[in-house]
Amino acid sequence: MKKLAMMMVAGITALNLAAGTCFAEKIVVAGSTTVLPIAQKTAEVFMDENSGVDISVRGGGSSVGITALIDGNCNIANSSRSIRDVEIQKAASRGRDPVAHIVAMDGIAVVVNKSNPVSKLSKKQVRDIYTGKITDWSQAGGKPGKIVVVSRDTASGTFEAFGELIMNKEKVVPSALMQASNQAVAQIIGQTPNAIGYVGLGFMSGELKAVEVDGVMPSNATVLSGKYPVSRPLFMYTNGKPQGIVKEYLDFIKSKRGQDLVEVQGYVGLK
Amino acid sequence: MNYRRIKEKIYKWIFTVLAFSSLFFLVGIMIVLFKEGTPIFKDVGFFKFLFGTRWYPTHEPPDFGILPLILGSIWVTAGAIIVCVPLGVGSALYLNEIAGFRQRQFLKPIIELLASIPSVVYGFFGMVIVTPFLQKTFNLPTGLTALNASLILGLMATPTVCTIAEDALSYVPRSFREASFAVGANRWQTLTRVVIPAAGSGISTAIILGMSRAIGETMTVLMVAGGAAVIPKTFLGPVRPMTAAIAAEMGEAPMGGDHYHALFAIALVLFLITFVFNIIAEIISRRFRIKLGLSG
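So the sequence lines, in the order shown, correspond to chains H and S.
Heads up: the first sequence begins at 1 in the numbering used here, then just goes up one per residue.
Heads up: the second sequence begins at 1001 in the numbering used here, then just goes up one per residue.
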């Protein structure tokens, strides 16, 4: 009886292994939650068209993705920031060679509640709000009311991009509500009349109102042309030059159709 | 015969291994926490880490002061206690002393059901219902506050407190109550002067375990506490408890960097706090059992 049970377990395990290795070519994608929707959508379509390919897409964050790539736990690392020197060194010490592929552009929209009359801010005003120099909307051309500053967590790629593009290395005021995801920021801005926040263009919705930054409204055109000051490239990293099925998948993302999907997800395509 | 003995031995071994596996995991977790957490003390200094008031882990140069996070945890936990002690102990008293058999059979599972609601559901409830409510009621800039987290955590800790307090009350021997009634005490006097003092340490255990539950809760505080790493001054302002900081930042902290080690060090601090809570609870409940003449 016991023997039989053990044989069954062994048999099932062997079957699973066989199914995993023989019947499908597998790509593991992990990393930035900002790039996640792009990876998911393109993976879906790519898998539909190429039976026998299995792409598993995970989030976790830019650093998680790059760490997984260095450790050999994924084929593609999504990242909303470029790789850091420490990470390159670590990769080199393990004999890996991360190669960057820009898959889309992302604008970071500065957003307020839709009831807020403020429609334009200068880069400096945004910075002053986030450093705590401006604390009331009346100081920024709005109705009097204490500004509720909402920011992404200091470790997120979006925060890093915002920090570089807006903050000039200054610190965000400690009373800012630090949120773990774009959705959380959008949720708070939607229900808080005096809040200000920032989200990736892909997360804009009817509840939010984007403001002009330095006189430029965030849009696909202004992000791609570089006119909108708060925009950044999104990356996928591979170990060495991509080959085989990984190359095909990346080529698909960069193709016209892949970039259309990028736009469907609310990001800015490369052309 | 021989076959049987071998079989018995094998079973014994299997269960011994299973029982000790928890110990194995506990020790493993402790080793990892110490190994990954302590390097930060070399760079920052133990006291500067614990009592620093600024948490800017990714800034250049970074600040690793976790006092706002520790205080954030303590505030929401204290608030949760204020909510869950009356609710939990009160329901336990009602269940044990006043409710009839039928009511008890009906109410107890319902209170315990509160414990089975996933914390993300509580968090969602707090975010969508409680937040706008607090915002309007107190005319706040934002409803994501320590008060919000306290209310929800208190509700979440209530079943823990209620169940354990109820057990403690039911351990009070019948003879205690009968003796009290025999000398002419009424129900209220018996409850406040005999039953509650007799079950007191058991109730304290319940409260401490409720505190453990509240301080370790992560998803809910991540969603409703606001997440601002400030030293709290009022329950109506946002806070960033330790668990929320770890959960929010771990995914993005480069492995092996200072920030990564700092988050492990926070986990270590949190672990030590709940560890102490649980040891205190264990000591009190052991005394309680001795006092009532149950097994030591």
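A portion of the hints provided could be inaccurate.
[What the hints assert, rightly or not] Distance ranges between label pairs, derived from CB positions:
id, chain 1, residue 1, chain 2, residue 2, range
1, S, Pro1118, H, Arg84, 29 to 39 Å
2, S, Gly1028, H, Ala221, 51 to 61 Å
3, S, Ile1014, H, Ser56, 33 to 43 Å
4, S, Leu1114, H, Arg84, 39 to 49 Å
5, S, Val1128, H, Gly145, 17 to 27 Å
[Claimed, not checked] No more than 30 Å apart at the CA atoms, straight line, and that leaves these computed lysine-lysine pairs for DSSO-like:
id, chain 1, residue 1, chain 2, residue 2
6, H, Lys143, S, Lys1035
7, H, Lys271, H, Lys209
8, S, Lys1007, H, Lys90
9, H, Lys146, S, Lys1035
If you are wondering where the hints come from, they were derived from the structure by calculation, not from laboratory data.
Glycine residues also receive a C-beta, built at the ideal position from the N, C-alpha and C atoms.
Results of checking the hints against the structure:
no., hint, in the structure
1, S:Pro1118 x H:Arg84: 29 to 39 Å, "holds (36 Å)"
2, S:Gly1028 x H:Ala221: 51 to 61 Å, "holds (54 Å)"
3, S:Ile1014 x H:Ser56: 33 to 43 Å, "holds (35 Å)"
4, S:Leu1114 x H:Arg84: 39 to 49 Å, "holds (45 Å)"
5, S:Val1128 x H:Gly145: 17 to 27 Å, "holds (23 Å)"
6, H:Lys143 x S:Lys1035, "violated (52 Å)"
7, H:Lys271 x H:Lys209, "holds (26 Å)"
8, S:Lys1007 x H:Lys90, "violated (51 Å)"
9, H:Lys146 x S:Lys1035, "violated (44 Å)"
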